[in-house]
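Q: Mind docking chains B and C on chain A? Use the hints.
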Amino acid sequence: MRRRLLALSVVLALVFVGVACGDDSDSNKADTTSTTQSTAAKDTLEGEIVVSAAASLTEAFDEIAKDFETAHPGVEVSPDYGPSSGLSDDILAGKPSDIFASADQTNMQKLVDGKAVDAGAPKVFARNRPEMAVPKGNPGGVKGLADFAKSDLDIGLCAADVPCGKFARQVLDQAGITPSVDTNEVDVKSLLGKIESNDLDLGMVYHTDVVAAGDQVEGIEIPDDQNVIAVYPIAALKDSKNQDVAEAFAAYVASPAAQSVLEKFGFLPPS
Amino acid sequence: MTTPLPVRVLAAVGFAFVLLPFLGLLQRTPWSQLPSLVTRPDVRQALRLSILTSLAAMFLAIVLGVPLAWVLARTHIPGRSVARAIVTLPMVLPPVVGGAALLFALGRNGLVGQYLDDWFDIRLPFTTVAVVLAQTFVSMPFLVVTVEAALRSTDVRYEQAAATLGAGRWTTFRRVTLPSVAPSVLAGAVLCWARALGEFGATISFAGNLEGRTETVPLAIYIELQRDRDAAIAMSLVLVVISLVVLVALRDRWYRVQG
Amino acid sequence: MKSGALRASVQLSRSTFTLDVDIAVAAGETVAVVGPNGAGKSTLLSIVAGLLVPEAGRIEIAGVAVDDVAAGIHVPPERRAVGLVFQDHLLFPHLSALENVAFGLRSRGVPKPEARQRAAVWLERLGVAHRAGARPRSLSGGEAQRVALARSLAIEPDVLLLDEPLSALDVETRDRVRSELRTHLAGFAGPRVVVTHDPVEAMVLADRMVVLEGGRVSHDGTPAELTRHPRTHYVARFVGLNLYCGQASGSTLDVDGGGRIVAAPDEPVEGQAAATVRPQAVSLHLQRPEGTPRNVWPGRVVGVDATGERVRVEVESEPPVIAEITPAALADLRLASGDEVWVSIKATDVHLEPA
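Chains as they are written, first to last, in numbering that gives the first Met the number 0: chain A, 0 to 270; chain B, 0 to 258; chain C, 0 to 354.
Chain A on its own, in the form it takes in the complex (with noise of 0.2 Å):
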């Protein structure tokens, strides 16, 4: 009993620091009203959830969930990453999960047309910016978005039905560009593999994979005016055993600590 008590106390104590910090922000302010909610529940803060988050905020998440946990000592988090497609397919298809992390909203869409998410639950927590991966010291001398068109260079996509091969051919049809592609990489990790090795000279990752790879891999901004922003959304899942976790869960990913940690991986903030 007393070690629940002192629980409660850190508890409150840090959902009182996200409201100080926090309040300056209409979305922030929403949500912390979701955080006391789900923390006035405290007593029955406990249990193991699963989190299906898309494979992009592998190492956000890994800390994201620590952290819970640490806040929530009866807690444990069971991340469980994959591409957000194959995720929500699993989920439909009745895998057991508590909360789920799209990297599109596409998919999370495909949630709540499944009825396995409520249409007003899923929330945007984070953005990612997609970007040009070069080589370190850019040895194809790539300088735009026009670059992905030049043959002479050997560029790499993701494969068109990843989500990294998605957003890269909507940033590029939206500015006309026919890329002159040598390889659809399986996932967003092998394609940024190559580029590292410097076996390609360009290809096209979010921003936060370009702050994961590395000091072998630079990134080239691409300006807003041609680029597709993604968004994030998460929501509990309403067959979750364990409703109320998840949904703190939720809510503390949109926590300034949460936050400050999805940007330190390169993630931007939701607006």
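Errors might be hidden in some of the hints.
To be verified - What the simulated footprint calls covered on chain A by chain B, stretch by stretch (three residues with Cβ under 8 Å from a Cβ of chain B suffice, anywhere in the stretch; the number is not a length):
#1 65-71
#2 179-190
Stated by the list, open to error - Some chain C residues flagged as far from chain B (calculated, every beta-carbon gap over 12 Å):
#3 HIS88
#4 ALA128
#5 HIS129
#6 GLY140
#7 VAL170
#8 HIS196
#9 ARG215
#10 ARG333
#11 SER343
Said to hold, decoys possible - Partner residues are not named here, just some residues of chain B that face chain C (Cβ under 7 Å, in silico):
#12 PRO3
#13 PRO5
#14 ARG156
#15 TYR157
#16 GLN159
#17 ALA162
#18 LEU164
#19 PRO178
#20 PRO182
Worth flagging that the hints you see were computed from the coordinates, not collected in a lab. C-beta: ideal position from N, C-alpha, C; glycine also.
A: Chains B and C only, in chain A's frame:
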């Protein structure tokens, strides 16, 4: 001799273990859409590329692998057992690692690749040639191992007989040694071809993935699994049927030759 | 076809023996190389054919050195004109009989049509033309032997070597093929060397016999000389004689290793001597024989071997003896291994001479 019961039971379990996944595949096959799926242009393209590259890989493996097997079986060069181990390494190496290693060696910054690029303006990665090389790398050990075993068990006195009849080493190799291991070369080539046809990991990491150029059936299946499961299953089925037909036809022939 | 002598004086160490041989074979002469297993017979053939390189020595064919260790000469097998017929023929299984015979000619650059034509002539000459298209697997033993001989003769070698040419054949065909082989060998003008372990084969085919024991020549002479004066147990056994070495005194020989043999008292011998007894002169009895034989001793049958018309019975006794009896006698005695027998030999059948 009748088969002892335990052997029969275990054999049945073993067979079922292999067969079951294929039944699973059949059960999930979208039969009604099958004709339209397998005749889709992109599927046909991947099939064509797969058959072409796997045959090229088999050919390359024969041309390089048979002499290699001969040297391993017949010569007494120092470090031969180490050489033999190295030749079979691709069998144990995860193919993805094999592909990455090929990239380190033949990529444009690779050990050898940088000179190919600088001196001859040849870039292998992301080309159809890279697919063939990746497949050959992974599948050649199957041929080498089979042919080497055959060469070891052949009677060298036939080669001595050829020598006394005036045949030089090359003539002897071509007209005596090679024909005597022909059934094993065929068997090894079939294994090698089958392995090349199913190659995924080394291909994707060395040759990349581009429709019409480097996207073989296994790569297309992997990509399709994320988009259109039915198409992926349909392609898998085609792969299974082609392989089955060839294996049944050639393995049978091989056993006939052996017996 | 050149004709000239083969001279070989070579040494080579193997795991179980060291070959150290000096032989010469004249053109048109057939030499049978005989000897126990592992004596170096096949090794000698391999060296002459060029398949093994001697450690020391020189081989000369028709006056030209094909091996001369001191001079650093080693002509590889494919460039020396030596025809070698292997024990189990070693016909290439994937080629027809005709293609097998044409193989050597093709390897020597003869165009295909001509090589096949000449090969057909050789098959004809050896009486197997009708099997030209057959694969070796479907040839009978005799046919395969003739095709193998044709294959070696077709390259018109300077020397012809045959390694146990008849051993792959069954007993019935062996007799017929043996006399055929004799005719074919006679048609070859160069030196001929036949390795064999079969006495009959050696006697029928060879003008001269060279006995190899433990890598060395222990005997070199005509079959008649060998039969008359076998100098080792192996030779005596090989030519079918019982040989006893020991100390003689008058007409009595005390055999080394036990036992005593008495010869007819016409030519007394003193000191080191050898006695020979033809196996046909040895009689076997179930009871101790009555009567005159001077040599009578008991023993135990350790082997009964029916070869052709005669039955060879090996008796363990002091001294040991091999008897050759008729099948009828065998049927009377009902001998089998392990049976106790009495051996008797007339003194007049013992040939004693100083050794």
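Q: Taking the hints in turn, state whether each one holds.
A: Results for each hint:
1. As drawn, the region 65-71 of chain A meets chain B at 0 residues by the rule of a beta-carbon pair under 8 Å; below three, the given contact is violated.
2. Remark: the region 179-190 of chain A is confirmed as covered by chain B, as 7 of its residues place a Cβ nearer than 8 Å to a Cβ of that chain, reaching the required three.
3. Residue-level check failed: HIS88/C sits 9 Å from the nearest beta carbon of chain B, not beyond 12 Å.
4. Listed as outside the interface, ALA128/C is consistent with that label: its C-beta sits roughly 20 Å from the nearest C-beta of chain B, beyond the 12 Å cut-off.
5. Once the 12 Å rule is applied to beta carbons, HIS129/C is consistent with being away from chain B; the minimum gap is 23 Å.
6. Listed as outside the interface, GLY140/C is consistent with that label: its C-beta sits roughly 17 Å from the nearest C-beta of chain B, beyond the 12 Å cut-off.
7. Interface exclusion of VAL170/C from chain B stands, the closest Cβ pair being 25 Å apart, more than 12 Å.
8. Annotated as non-interface, HIS196/C keeps its C-beta farther than 12 Å from every C-beta of chain B; the closest such distance is 19 Å.
9. Interface exclusion of ARG215/C from chain B stands, the closest Cβ pair being 25 Å apart, more than 12 Å.
10. At the 12 Å boundary, the C-beta of ARG333/C stays outside the reach of chain B, the nearest C-beta of that chain being 39 Å off.
11. Once the 12 Å rule is applied to beta carbons, SER343/C is consistent with being away from chain B; the minimum gap is 49 Å.
12. For PRO3/B, the suggested interface contact is broken, since its CB lies about 33 Å from the closest CB of chain C, more than 7 Å.
13. Contact between PRO5/B and chain C, as hinted, is not supported at the beta carbon level, the nearest pair being about 38 Å apart and thus beyond 7 Å.
14. A hinted interface residue such as ARG156/B counts as satisfied when its beta carbon comes closer than 7 Å to some beta carbon of chain C; here the least separation is about 6 Å, so the hint holds.
15. With 7 Å as the threshold, the beta carbon of TYR157/B comes within range of chain C, its nearest partner Cβ sitting at about 6 Å, so the hint holds.
16. The interface hint given for GLN159/B is met, as the beta carbon of that residue sits about 5 Å from the closest beta carbon of chain C, less than 7 Å.
17. Checking ALA162/B against chain C by beta carbon gives a least distance of about 4 Å; that is within 7 Å, so the hint holds.
18. Against a cut-off of 7 Å between C-beta atoms, the interface hint on LEU164/B holds, since the closest Cβ of chain C lies about 4 Å away.
19. The interface hint given for PRO178/B holds, since its Cβ lies 4 Å from the closest Cβ of chain C, which is under the 7 Å cut-off.
20. Hint on PRO182/B is violated. Least Cβ distance to chain C is approximately 10 Å, over the 7 Å limit.
Of the numbered hints stated above, those contradicted by the structure are hints 1, 3, 12, 13 and 20, listed in ascending order.
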